Each structure stands twice: as structure tokens, then as C-alpha cells.
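Q: Spelled out from the first residue to the last, the chains are:
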Amino acid sequence: MAEMNTLESGLSLDWLNVDTEQGITFDAGRNGLTLQNINALSYGVDDRDEARDPSWAPRGSQPDARSPRGSVQYTSKSDVWTESCMLLYEEAVQRQWSSTRDIPWGTIKPLPDDLERAMCTLGTFLTQVEFIAGDVPGRFLEQIHPDYFESQLFLGTQVMDEARHLDVFRKRILANGGGMSGAGLGAVQLLQTDDFTEMTALLHLFGEGLVQTLFRMGELIAQNEAEKRIFRLSAQDESRHLAFGVTHLKYVVETEPHRAEQLHHLLDLQEATTAGSQQASLTTNPLTGEALAILAGGGIEHLDEGYKMVQQMRRKQFLEYAHRCKVIGIDRTERMAPEIRELLGDAA
Amino acid sequence: MELSRETQARVRQRGWSDELIARIEASTATDVQVKNLSRSTITPDRIAGWLDFLERDPDNPFAKAPLDILNTPAETGVRATPSAEGMLLSDINIKSYGVVPDHWSSENDTPRGTEALPGPILPASYSIFDKSEVWAEGADVLYEDAIRDRWVPATDLDWEGGLADLPEEMEKAVCQICTSYSNNGLVEQKIISRWLEEISYGYHEVKLFLATQVYDAGRKVEVLRKRALSNGGGLGQAPIGQIYRGWYGGLRFTDMLTALNVVYKSYELTMFESASEWVQTDLERRMFELLAQDSRRHLEFGLRHTEWFGRYHPDGDRKLMTYFSRGEAALVNELRLSGADREALVVLLGGGVEAAAAGVEKLKTLRERQLSDYLERLASVGVDRLPRVHPALAAQAEDPMSTDKVAVREMRRR
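Those protein sequence lines, which keep their order, are chains A and B. Start counting the first sequence at 1; every next residue gets the next number (my numbering). Start counting the second sequence at 1; every next residue gets the next number (my numbering).
In isolation and in its complexed conformation, chain A is listed as follows:
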């Protein structure tokens, strides 16, 4: 057909005879037409442990022989992949929310200065952290080969999520008379990461893991329904980011077991840095610890109660972290920083 029509039309019609799999009809499932639904045959990723030459051509398409090469792309699936990225991407798209409309801003009422300032201090810190948490994955999208594009798509949703977190915490800070606090050391050091898996270990597993526990305990520190909703929705997002990180690291350990020691070493350093932080803070920023204790206790006169709850929170953070490490396949029991092990007690 194509040859005859070429003569009649003056078109080459080469594209009608591309060397790609044709006759494809993937059907929608219960959740609509998802990435998992179309991940099969030559369009699927399952047997591609190594990517084609660095390129910009999508998986399953016919590359143009004239195309320039992509500049910096990982070509090993292990470097960027997780079996969960399609599922997590679809979930992210389904669960986008609006800081403008989905938060009951009207439930925020005037608070005593200590509680208002504490929430604003925490919010200031979180806008710093979320700002960086968008920049860091943003750097790595271009390094993902198109053969593993689903991983790139997921990180694109994370960039969006982090923007929304910055936005929602800034809105909260300016909604009730508190205002910003001074900016402490935020999370700039995360920009020093130079490798996808390192980024995942430090940003997703460690950083977002700690933040996710905090958000899930948001009920304890929220002073109104708006803040509860902010923490609940943000926690939902963080859970996806965390799941991406944990499943990627698990994939790395399963497919390249020799890299487990590399991950251990990274976490040795990160734990030591965090354990050396001042006061009972959750971060290296002492203001944040102070703010959390005031919020958790319910005011400056209940800082003893607040301290207990912050300690519980911190313990929970590291218990969950330790559990995630086991899931990944890097048991930290013997190597965990002594200060953290002490915090966990027998549970370590």
C-alpha cells in the first residue's frame, strides 16, 4: 500500500513502515488507562536492564539515525529504576490537591503568640526544605534515559508536590499574623548530591522519611482543621516520594548487591551528621525543635510534655527509618549512629 501511494502522492510515507510494533490495543482497566496497562510487549520496560544508546527517543519508537545524543544519561536500569514508579506516578496524578481550595483556611483563628510563632517557625523551615526538595530531583530528570521515562515522570510529580508544599506552608505563615521566622540552615547540602541513588538515599529515604513521620503526626501539633489538613495532604505526598526512594534502593540492592556497602557508607555519614544536631531538634535547626515542643505540648508552660512528645516523634522517625532500611536490604542494626541507637533502645 505504502509503495503505491508514495508514487501517487509525492510523499515518501516511510513513517508508515517504521520498524516498531504495530496493531497495539491496550485496554483501560478499573482505574482508567494507566501506565501499567501500556507497559507490555516491545513497549514495556521489563527486559531492558540496559538502555539503548543515549538518546531522546521514547521506548518502543524508531530512533532517527540523525538524532543528536542525549548529553548525560544513565544507561543502567539499576541506576534509576523502581518497579513502583508507574503505580506511584498514576497515584500522584490522581491525588493532586490545591492549597488554595482544599484547605479550610477559615478554620484558622487567632492563636497565642507562642503557638502562632511556633507554627510559623516550623512553616518557615519547611518552605526552605521543600524548596530544595524540588530543586534536587529537578536536576536528575535529564539524567534518566527515555527507556526508563516512567521514573522521570514520577520525579516530575515530586517537583510539583514540593512546589505545592512550599506554597501551602507559606500561605499558612501569612494567614494568621505570625509571619516568617529567621531562616536557619535549611537543606542546601542536599544540592551537593551527584548521583541518582545517592540523591534517593539522602533525600527520599532519610530526609523525606523524617519529614513524613512529622507530617503524619501533624494531628499532635496542628492547632486547627486547616493545619491538620495541610499535614495530612502533605504526608500523603511525602509517602509517595518515600516509597519511590525505598523501592529504588531496594531495586539497587537486589540487582547490584555490591552497592549495599556504598549505601551503608552514605547513611553512616548522614546519621552521624543528624545525631550531632543540637537540642532535641528534629533537624540541625534548634528553632525547629523549640517550635515542635511548644506545639506538641500546647504552649510554653507545657514544654515538658512537649519534650516527651518530640522525643516520641523522633524515636518514631528513626524506628520507621530503621524498618525501611531493612525492607531495602541494608540492615542498620549494627551500624546505626550510637545516639540514634540509644534513642531507639531495645527496639534497635
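Hints are computed from structural coordinates only; laboratory data are not their basis. Heads up, some of the hints might be wrong.
[Unchecked claim] Below, a list of computed lysine-lysine pairs in the DSS-like style, where the Cα atoms sit at most 30 Å apart: (1) K109(A) - K35(B); (2) K35(B) - K308(A); (3) K95(B) - K109(A); (4) K319(B) - K308(A); (5) K228(A) - K95(B); (6) K316(A) - K64(B).
[Said to hold, decoys possible] Non-contacting residues of chain B with respect to chain A, defined by C-beta distances greater than 12 Å in every case (computed): (7) E6; (8) G15; (9) E75; (10) M87; (11) P120; (12) G316; (13) D373.
Owing to the predicted nature of the structure, the values given are computational and were not obtained by experimental measurement. Backbone N, C-alpha and C fix where the C-beta goes; we use that ideal spot for every residue, glycine too.
Chain A is fixed; fit chain B onto it per the hints.
A: Chain B alone, transformed into the frame defined by chain A:
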């Protein structure tokens, strides 16, 4: 401990009683703690409650907490009022928090509206600190629009009933277009996201908007791939990618944005807006409506930045002319060298291979519209590009099947 004169004055101004002051001075409280407390409106009975805590649990780490949270260098007392639509970014861009400086001096992640605390500072990798290099008036509104207009390819399109069996050549032609634009989305996402870490915190609205574009680009990748694999076709020929070199070749933010968000997006938008002339099914009609809605925001951001840059950046107009020339050259090379896309469009516009002549005429009309839309959009922000538009791009509107010599950046003296 005896309170300093300053703190004494502060607490008396707050109306704290002599009895309370005496109790403070007899406690383990520090002057810093009391000074910070005196900055607040916390009532004396609660101050007494805090003293109770110090007595009750003197070894608690927070008994020594300086209560610095009560001492902020930033403006307090700001109470944003939500609009009818909810709490918009424009609602919180008030008082000192709404001032977007011409130059942003913080090298780390200090948010706009506050200052870094005393102590160590770790500068980040940001390279853009001037408003003229990155700003677009109304970026906050475009961000909010993007959030409001979100859609879900998996469930917002009728994958069950919105498609129909098509003749093989028509199905392959649709799939070819989907392959190319899906791929464009993939590279668009890479390019935009890599620029995020260049932009400092003073211009966070721009970063927020760009995050939505990163997200939108991913959705474009997703939905067009799904369409290509859902109706009996498959992916086609990948783009040559010459245009990506144009995007990647942008050494400055405005250079990149001109090539991607103005030159390319204008052509993309007109292409998507014209989809009713070449789509084959209801699903595609709806899909391209939604994609056009996204592209319109991206283009709008690009145009507003163009306007800002031209007005406020040193030699902005002259630089823009070079950027446009470069972006147009990259686009026209893609148009001329991508025979697959061109022919697929001819087939779709004509209604089949046998109607290629009619298809070519319609493609010419589309290219004319793309060019005139592009020029009009630029004119709307004060850029008269008509006398300088790349000759090869203008030639595409006259002969869209032309594949002659490769375009280079046109450099002309004024």
C-alpha cells in the same frame, strides 16, 4: 539572675507585675528567654506557668531553650484574607512579603520576606539573582491557574468509548503525531526541571510556575503515549531532536525560555488549537483541548517574561532578537527535517493518502496560521518580529514541504 535594664523596661511595658518579675529573677530563667517572652503578648499567668515548668523540670533540655521563635527579623501581624476562590498566592503577596526585589542577595534557601539567622550560611548553586533575568508578571496567577485546571489522563478521557477503528494510514498518522509531541514533552520536562536549581528564592513564584510546567510536560508524555498504544497503532518515528539542541543550547534562562516557551510553544499551541481539523476521534478532540489549555499557560509565561526582559534587562531587546533567531532556527530545522510529522499531518488534514494534494494545501494553511499567530502573540507584548522573522520559518508558510538547506541563526544588524 537580674534582668538587664532593657529587659526590665520591656517587661514593665508589658505590664508584668513586680511579683512576677521577682519570681523570674529568682528562677533559672535567662535574660534572653525573658527578653524573647517580652516580645510577645503571652499573658502573665502563662508566663507564670512557664516558670512552673522551669521549677518542675529544670533538667529538661527545653528549660534552656532561648525561645528564639518569639524573636523574628521578619514582618509580623500579616493576615492574608482568602479570595472567593480560596487562598491565592496573590492573597499572600502583601506588605513586605509581596515585594519582589530587583536583585535578590541571599545565596542560600532563605525565603523571601525574612533573613538568615546569625551563624553559618551554606550558599547554594543558584545563579539567577536578578529579577529581569527570570521574572514574568502574573506568574503567581498562572501557577494558580495550572493547579485549578489539573486533569487526569487515566480517567478524564473516555478510553472505552472515545476511540474508533480507523483506517491503518490514519491510525498510524495519529500515532506519529502522538510519538513526536510525547517526545517533545519528555525533553521539555528535562530542560525546565534542570533550570530550577539556578533560580534563587527571591523569585519563588517563577519556580512554582515552572514546577507546574514540569508536571504538565510529564502529563503530555503520558497521555500521548497512551493514545498511541490504545487504538491499534503503535509508536512511530522519533523526532530528529534538532529542536532539543535549540532548547539545550540556551546558555541563559531567557535564551532557553525563548526557544521553548515562546517560539516552540506558539507553534505547538496553534497546532493543538487546530486539532479539530485533523483529529479522528472524540478522545483526541478532548485530549488536544486539554493539552492546548496547558500549552497556553506555558506560552503566556514565556511571553510575559519576554516583555519583562525586553523592558528591564540591560540590552534586553538586542539579546531577545538573537534568542528569537536561534529559537526559530531550531524550530524550522525540526519542521524541515522531520518528514514523518509533516507527512502524517498531510494525511490527517487531507483525510487519507489519496488526498495528499489537499492535505498539503491544508498544511500550508496551518503553517501560515502558526506563523501569523506567532507574530501576533509577540506583537501583543511589544515585539515586532515581522521584519526579522527567520526567512526559513517564513518560507515554511509558503512551502511546508520544503526540505532544502538547513537553517542557521540569522544575525542582522539593526
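Q: So, for every hint listed, does it hold in this structure?
A: Hint check:
Restraint check: the Cα-Cα separation between K109(A) and K35(B) comes to about 26 Å, which is no more than 30 Å; the hinted pair holds. For the proposed pair K35(B) and K308(A), the alpha carbon gap of about 26 Å is at most 30 Å, so the pair holds. A threshold of 30 Å between alpha carbons decides the hint, and for K95(B) with K109(A) the separation of about 21 Å falls inside it, so the pair holds. For the given pair, K319(B) sits about 60 Å from K308(A) by alpha-carbon distance, which is inconsistent with the 30 Å threshold.
At most 30 Å may separate the alpha-carbon atoms for a hinted pair to count; K228(A) and K95(B) meet this at roughly 27 Å. For the hint pairing K316(A) with K64(B), the CA-to-CA distance comes to about 24 Å; that is within 30 Å, so the pair holds. Once the 12 Å rule is applied to beta carbons, E6(B) is consistent with being away from chain A; the minimum gap is 19 Å. Non-interface status of G15(B) relative to chain A is upheld: no Cβ of that chain comes within 12 Å, the nearest being about 15 Å off.
With a least CB separation of 5 Å from chain A, E75(B) falls inside the 12 Å interface cut-off, contrary to its annotation. With a least CB separation of 5 Å from chain A, M87(B) falls inside the 12 Å interface cut-off, contrary to its annotation. Taking the minimum C-beta to C-beta distance to chain A, about 7 Å, the non-interface status of P120(B) is violated against the 12 Å cut. Listed as a non-interface residue, G316(B) keeps its Cβ farther than 12 Å from every Cβ of chain A; the least gap is roughly 26 Å.
Chain A leaves D373(B) outside its interface by the beta-carbon criterion, the shortest separation being 26 Å against a cut-off of 12 Å.
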